[in-house]
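Enquirer: Work the whole structure out from these sequences, hints included.
Mapping of the sequence shown onto the working numbering: position 179 corresponds to residue 199, and the numbering continues sequentially without gaps.
Just to be clear, a hint being listed does not mean it is correct.
As the list claims (entries may be wrong) - Straight-line alpha carbon distances no greater than 35 Å define the calculated DSBU-like cross-link-like pairs of lysine-lysine that follow:
#1 K252 <-> K27
#2 K252 <-> K127
#3 K252 <-> K175
#4 K231 <-> K175
#5 K231 <-> K127
#6 K127 <-> K175
#7 K231 <-> K252
#8 K27 <-> K231
The hints are simulated quantities; they were obtained by calculation from the structure and are not laboratory data. None of the values given here were measured: they were computed from a predicted structure.
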Amino acid sequence: MARGLVKRVLLASPRGYCAGVERAVETVERALDLYGAPVYVRKQIVHNAHVVRELEERGAIFVEDESEAPAGATLVLSAHGVAPAVYTRAAERGLTTIDATCPLVTKVHAQARRYAAEGCRIVLIGHAGHEEVVGTTGEAPESTFLVQSVEEAEKLELTADGPIAYITQTTLSVDETAEIVEVLRRRFPDIRAPQREDICYATSNRQWAVKEMLGEIDLLLVIGSRNSSNSKRLVEVGRAGGVPSHLIDDESDIDERWLADVETVGLTSGASAPERLVRRVCAWFRSHGAGAVTPFASVYEDVVFRLPVELRRRETPAA
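Expert: Shown next as structure tokens:
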């Protein structure tokens, strides 16, 4: 990198941790304080390699399946939610289960159950294999049809002999999801929709913040891990707006070839990336001759979710 070529770094706002991620990470930390190590966590508590590694250093053990936790152990369920069968199997093993599912994901699960109880076929807009989609599908597996793209929405075959409803994964591209919904509404005019959209406030806000800054930047860097859906959507938003965009875990992923002829870099972070990673990337640019590092806008999110009830019970003082 030619020293001094990048003149400024603009910080998107909002960025980084959302209320659901804050709650999930604090859930594991509090469980370690209350129960002691080890505390088992089903899947990654949130999709960020740095967060997972730091919790492992404190005594969390991440497992792919509840069967990997010893009988009677403490098991935290990740922010992405699980199918009902997971709770059943955990109970059979005598696990002390603490549910860190994001409340906005829980809302989508409740919608799936309600639609299924009303006899609806459920179109789930989301990405196959994502933990949130697996968990939501598990609420009504016989009634749920996954759609991942406009093309799949065009090809979806559902008869007109009963009600149809749609729900969505919470971490999707707002624009792409709107296109899929438009196709579904054209093909199934009576399709039922959630009272409020399922894409969470944090996902929408971070995509909006990136769109707002695209006219001011030559390059967009998104801090987030490769398995973070909402982080990858931010990269897609940047590229859709004609700005070269890259996903990085931290400053070590920056390829200096990206910076050729770049004067202004836009920087944001996915909803599961801690702010300390943003500070590290900013420090990297300063050490490489960048000038000002300034906020592009200042938007404050005041959403807060209470900790899981299992932990709140432990905090209740004795009478």
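Enquirer: Now tell me, hint by hint, if it's right for this structure.
Expert: These are the hints, each one checked on the structure:
no.	hint	in the structure
1	K252 <-> K27	holds, 26 Å
2	K252 <-> K127	holds, 23 Å
3	K252 <-> K175	holds, 26 Å
4	K231 <-> K175	holds, 31 Å
5	K231 <-> K127	holds, 27 Å
6	K127 <-> K175	holds, 28 Å
7	K231 <-> K252	holds, 14 Å
8	K27 <-> K231	holds, 21 Å
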